[in-house]
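Start from chain A and add chains B, C and D according to the hints.
One-letter residues, chain by chain:
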Amino acid sequence: MIEITEKEISLDEMIKRARSRDAGAMVTFLGTVRDDGIERMEVEAFREAAQAELEAIREEAMSRFHLIEAEVVHRTGSLAVGESILAIVCSAAHRDEAFSGCRYIIEELKKRAPLWKKELGENGGCWVGQT
Amino acid sequence: MIEITEKEISLDEMIKRARSRDAGAMVTFLGTVRDDGIERMEVEAFREAAQAELEAIREEAMSRFHLIEAEVVHRTGSLAVGESILAIVCSAAHRDEAFSGCRYIIEELKKRAPLWKKELGENGGCWVGQT
Amino acid sequence: MVLAFASFREILGKEREMRLLESATVKDLLEELAAARPAFKEAAFDDTGALRDYVLLMVNRKRIDPTRDLSRPLQDGDELAIFPPLAGG
Amino acid sequence: MVLAFASFREILGKEREMRLLESATVKDLLEELAAARPAFKEAAFDDTGALRDYVLLMVNRKRIDPTRDLSRPLQDGDELAIFPPLAGG
Chain A
2 MIEITEKEIS LDEMIKRARS RDAGAMVTFL GTVRDDGIER MEVEAFREAA
52 QAELEAIREE AMSRFHLIEA EVVHRTGSLA VGESILAIVC SAAHRDEAFS
102 GCRYIIEELK KRAPLWKKEL GENGGCWVGQ T
Chain B
2 MIEITEKEIS LDEMIKRARS RDAGAMVTFL GTVRDDGIER MEVEAFREAA
52 QAELEAIREE AMSRFHLIEA EVVHRTGSLA VGESILAIVC SAAHRDEAFS
102 GCRYIIEELK KRAPLWKKEL GENGGCWVGQ T
Chain C
325 MVLAFASFRE ILGKEREMRL LESATVKDLL EELAAARPAF KEAAFDDTGA
375 LRDYVLLMVN RKRIDPTRDL SRPLQDGDEL AIFPPLAGG
Chain D
325 MVLAFASFRE ILGKEREMRL LESATVKDLL EELAAARPAF KEAAFDDTGA
375 LRDYVLLMVN RKRIDPTRDL SRPLQDGDEL AIFPPLAGG
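Protein chains in written order, with the numbering used here: chain A, 2 to 132; chain B, 2 to 132; chain C, 325 to 413; chain D, 325 to 413.
Only chain A is shown next, with the shape it has when bound in the complex (with noise of 0.2 Å):
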């Protein structure tokens, strides 16, 4: 499942979409807040090409790794330090796939998908990625 939304990610919940009685692996990717001096983050979608991307780039890992499920949720609005940004579960009958197909969705999901993020600081908000 892919989704795009306001509310806070349960991993659990992906999870247990995610667990199969074929599964031997499963690997999950957490994106968070990081603290670089910030106080918040925003994160703002164009939500219809980003779950169309996402979308594509989920049946992209399915095939190249042989995966039995594949669950991305990524999170827009306003997050504060520590929050999860966005949340990857992969499983599949072995490892070395869980781990590749996860890997896959991440650096595409950064190079292909129409998401932004703002950090907020005492100073005001600078958009993260632009020259």
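Please keep in mind that the hints were generated in silico from the structure rather than gathered at the bench.
There could be a bad hint or two in this list.
Think about it this way: if two alpha-carbon atoms lie no more than 25 Å apart in a straight line, the pair counts; the simulated BS3-like pairs of lysine-lysine are [unchecked claim]:
hint: 1; chain 1: D; residue 1: K386; chain 2: B; residue 2: K112
hint: 2; chain 1: D; residue 1: K338; chain 2: B; residue 2: K111
hint: 3; chain 1: C; residue 1: K386; chain 2: A; residue 2: K111
hint: 4; chain 1: B; residue 1: K112; chain 2: A; residue 2: K8
hint: 5; chain 1: C; residue 1: K351; chain 2: C; residue 2: K338
hint: 6; chain 1: B; residue 1: K17; chain 2: B; residue 2: K112
Treat the numbers as computed from the prediction; the structure is a model and nothing was measured.
Coordinates of chains B, C and D only, in the frame set by chain A:
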């Protein structure tokens, strides 16, 4: 924290302990009982030696990959298909370190920790990995 | 319809309907926006009037290549999205 | 004290105290076990009487190398662990 336990693994608790304001990435590995035509799996540990070996592996991963936290819990006893055998959670400033640290721990654990699995099916049991 | 995100949303607002002349191109639309909003001109174009490298564009949710596709004509109902480099996760 | 795990536990039981002659070695102890339990002899030694490749040993929780350390003398209170290849996770 390193734990070898008969109790069900709470990934949630492990993630709570590994969360940090300095972490931007958390990578989790879950090993689960795969249905290879088996009914249950029995896990046995040389508990004291396994605890010491896992602590050594954790220390190596922490310093090699600059991890902020690393948690390992390995279950023993009789597990049903689909249940978690072990969980590893690594947090780090960046995702490269978190992925590498988690991968290092599972690979070394499989090579070095005195733990054994017996697959129990209709026709009795079979120790995994024994010639 | 023009959609703007992140820093460009802060300048242009999230959505705006634009009326275009028949046979107007992506470039025409960007220049119209620049004429209406100096802050957008500053953010999106360099001194020579060329689109800055980091400006990303989608027409109907497909990325277009600014070095090649600015002369693409827009049609009634097309959706142009303008945004800075991606930074999800 | 001898500790056995996995398939070797099923043959030998989990723990057993053994009395040894002074200056007895790891090899002496393994041969005494083999003499007492034919199933252990079968599982741990090949036809030529050599220890099988996959048998792993620890003395006082440190791995020893069966190609080199079988002649190591054991002392009162030493703990010898016998087990098959590892398969955690």
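The hints, checked one at a time:
Using a Cα cut-off of 25 Å, the hinted pair D/K386 and B/K112 holds, with the two alpha carbons roughly 15 Å apart. The straight-line distance between the Cα atoms of D/K338 and B/K111 is roughly 22 Å, inside the 25 Å bound, and the hint therefore holds. Pair hint C/K386 plus A/K111 holds up; C-alpha atoms about 17 Å apart against a cutoff of 25 Å. Between B/K112 and A/K8 the alpha-carbon distance is near 41 Å, which puts this suggested pair outside the 25 Å criterion.
Between the alpha carbons of C/K351 and C/K338 the distance comes to roughly 20 Å, so the proposed pair stays at or under 25 Å and holds. Simply put, B/K17 and B/K112 have alpha-carbon atoms about 28 Å apart, too far for the 25 Å limit, and the pair is violated.
Of the numbered hints stated above, those contradicted by the structure are hints 4 and 6, listed in ascending order.
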